[in-house]
Amino acid sequence: MDFSFSSDQQLLKNSAHSFLDEHCKPALVRSLIDDPRGESEAMWKEMAQLGWLGLSLPEAHGGSALGMVETAILLEELGRAAYPGPYLPTVLAATALVQAGTTAQQNRWLPAIAAGNARATVGFLDAGLDWDVAAATETRAERSGTGWTLSGTKSFVPWAHVADVVLVPARSPEGLSLFLVTPSARGLSVRPMAMMDVTSRAATLVLDRVPVDAEAIVGAPGTAAPLLAALVRRGAVGASAEMLGAARRCLDMAVSYAKVREQFGQPIGSFQAIRHKCADMLVEVENSHSATYYAAWALDAQAEDHDVAASVAKAYVSDAARKVCTEAIQAHGGIGFTWEYDLHLYFKHAKALEAMYGDVDYHREMILRRVSA
Amino acid sequence: MDLNYSPEDVAFRADTRRWLEANVPRQDLNTLGERKEWHRKLYDAGYVGMLWPKEYGGRGATPMQQAIVQDEMARIGAPPTINGLGIGFIGPTIIVHGTDWQKERYLKKMLTAEEIWCQLYSEPNAGSDLASLKTRAEAQGDHFVVNGQKIWTSSGPIADWGLLLARTDPGVPKHKGISCVLLNMRQPGVDVRPLKQITGHSLFSEVFMTNARAEKRDLIGRLQQGWEIAQTTLGYERGANSLGRVTRYAISFHQLVRATKTLKRGGKPLIEDPAIRAKMGKLYAELEVQRYASLRIMSALTMGEAPGAASSITKLSYTEFEKRFYDTALEILGPWGQLMSATEEFEEIDTSSGEPGTWATAFLWSRAGTIYSGSSEIQKNIIGERVLGLPKETRADRMKA
Chain W
1 MDFSFSSDQQ LLKNSAHSFL DEHCKPALVR SLIDDPRGES EAMWKEMAQL GWLGLSLPEA
61 HGGSALGMVE TAILLEELGR AAYPGPYLPT VLAATALVQA GTTAQQNRWL PAIAAGNARA
121 TVGFLDAGLD WDVAAATETR AERSGTGWTL SGTKSFVPWA HVADVVLVPA RSPEGLSLFL
181 VTPSARGLSV RPMAMMDVTS RAATLVLDRV PVDAEAIVGA PGTAAPLLAA LVRRGAVGAS
241 AEMLGAARRC LDMAVSYAKV REQFGQPIGS FQAIRHKCAD MLVEVENSHS ATYYAAWALD
301 AQAEDHDVAA SVAKAYVSDA ARKVCTEAIQ AHGGIGFTWE YDLHLYFKHA KALEAMYGDV
361 DYHREMILRR VSA
Chain L
1 MDLNYSPEDV AFRADTRRWL EANVPRQDLN TLGERKEWHR KLYDAGYVGM LWPKEYGGRG
61 ATPMQQAIVQ DEMARIGAPP TINGLGIGFI GPTIIVHGTD WQKERYLKKM LTAEEIWCQL
121 YSEPNAGSDL ASLKTRAEAQ GDHFVVNGQK IWTSSGPIAD WGLLLARTDP GVPKHKGISC
181 VLLNMRQPGV DVRPLKQITG HSLFSEVFMT NARAEKRDLI GRLQQGWEIA QTTLGYERGA
241 NSLGRVTRYA ISFHQLVRAT KTLKRGGKPL IEDPAIRAKM GKLYAELEVQ RYASLRIMSA
301 LTMGEAPGAA SSITKLSYTE FEKRFYDTAL EILGPWGQLM SATEEFEEID TSSGEPGTWA
361 TAFLWSRAGT IYSGSSEIQK NIIGERVLGL PKETRADRMK A
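These protein sequences, in sequence, are chains W and L.
Quick note: the first sequence uses my numbering, first residue 1, plus one each step.
Quick note: the second sequence uses my numbering, first residue 1, plus one each step.
To be clear, the hints were calculated from the coordinates, so they are not data collected in a lab.
None of these values were measured; they are calculated from a predicted model.
Be a bit skeptical, because a hint or two may be false.
To be clear about the criterion: a stretch of chain L counts as covered by chain W if any three or more of its residues have a C-beta under 8 Å from a C-beta of chain W, and this derived list gives those stretches [what the hints assert, rightly or not]: (1) 283 to 290; (2) 379 to 391.
In the DSS-like style, the derived pairs of lysine-lysine whose C-alpha atoms are separated by at most 27 Å in a straight line are [claimed, not checked]: (3) 13(W) x 323(W); (4) 259(W) x 323(W); (5) 323(L) x 196(L); (6) 103(L) x 41(L); (7) 392(L) x 176(L); (8) 351(W) x 279(L); (9) 323(W) x 392(L); (10) 36(L) x 109(L); (11) 392(L) x 259(W); (12) 323(L) x 323(W); (13) 348(W) x 323(W); (14) 25(W) x 348(W); (15) 54(L) x 323(W); (16) 13(W) x 348(W); (17) 41(L) x 108(L).
By construction, the Cβ of each residue, glycine as well, lies at the ideal position given by its N, Cα and C atoms.
Please put together the full structure from these sequences, using the hints given.
Below, the structure is given as structure tokens:
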């Protein structure tokens, strides 16, 4: 029983921490708020050089073949920095290709992703915003010659406006299928959406009889449901890690502030009203750590309870991160409500992820289905 | 990270399970004698005082092995051992701070439960502010004369010995004038009066000491070292019950699921009601997080890390969870959850099974967890000061005699 990070994992954590402290300062995050792309090309390239983009990809494709634990370690640090960019969506899309893609698809995309030359994302949601992808997908795939024609709408697709390839679930006559779509495809329009979180982007994809060739399908027609369910779970664990990082950052800021901010002639951290709040926040952060890394490990080990663990992590950490980030603002008082102070970056980042890859209610239901059978 | 149990632990668990299946009593244990007999059987099999060094009659086992035994006992619903405070806290204190004579005299009989121990700490006016205690122990020749009142004493009526915190120097700041001494409970100057709790049971007592006698050879550590010793005692061995505790929650949760398949709302089983499902899903998520957290504790203990002030995080987290768990369960179960069967007296803390008629007692009992062993508010102070490094509050009493 070893719940601690190995020395390699700790090294990864430390180096990510110091890299992001230096290269992903709040000033950079803020400078990208009004940028049309919303992410830094230079930083994406550096992340590739650090091996982060190929972290979980096979060595044959330029990756390091590491697992979800390592990915979660990185995501926690990215969340702590409110890193704006398509890291998690790219990892998810790449995972789908590793698990179900053809050799040609893998050769085309995986080395490019590992090298920082391609970004990818997954359009899980149709207009109804239901994370039960197998049940809810209305986007259609019809046979057309040797290929397919895709029609429908994908909503809230993370970072679709910078993606070089989008994985699109669609219902074909055989059942749920998954397709690779490139932004230049005829009939595809990408419409960025204005969102609350200034550190992430999403777009609506409208597919108006988009033609794709026979090689664009990932896996056999009608077999995508379990793959997509697993991908949602992986996304849930990844989002948990990012929310954990955001929450830890907010806790650290609240504690630092409580040590120096004086009222009534004393640091406010000496008052139990503030101290107890911080203690409660720490409990939530530590429990979130346990939940996130248990789920990441369970996924890597394919433990019997890995699907429940993913839902437990997402359900728990979403609540915890919301509570911690909110309480950090409260502990700061007025300054925490200003645009100039950085707390809202992390608060909004966590809030955006709370709604992704299944929200709290979705995952509670998933848990209960498993344990009440 | 590797959250698999080691092959040794898997084998140990299998052995333990086999032993328990063969030996667990078939009927309820109703008398102290029967409970002592069961305790002795567990002791002889090596399942008591597992973390104690071998030289004092322990097994010298790993924290994980000890937690596995607790876990397996919870799983099979075995009656708990007795003398928990003695074996978990008082014995280890004697091992660390006691004299050779004290070790020889007290430890073996503590392990075997031939002598039952209690802790004489809290007083009516010294709860969270334990150091303000007023019970006096005045030196007189070879002994101390003890006068005062203690409260919230577990196992009071059955205790043979107590670990007493008493004031031996009233002329110095309060933390500096306290000593720790062993008190024979079987003497005329000691009057134990059971205290009836909101559960209707009497797990705790008040203890009145009137010119009671404690021997100087039973002083633990030095004179006026009592507060320091008490501080280490409070922090000792918090991981041992963690796996077993979570297993009991899980057993209760599955009983809750069963009940919601029978109870109805709008003509359909409760479990089909989305509002109920959401509550139960939340509960199970929190329960699982408690399990992961306990694995994390066991991992740290296995690596030889001392939990220190971080054990306050654990205590705060699980006791607050336990309250939410039973609050939610009783919301879901309605009047059925308030049934109170004529159960045996709770002998130990942390016992619940989710059987019909046990929810109400568990619900009431869960109020205790956030109060005993340092209330949630005290735990938050400890976390704030010692884990997060927040400034200490100004305390008017630190320097006062």
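Enumerated hints in conflict with the structure, sorted upward: 15
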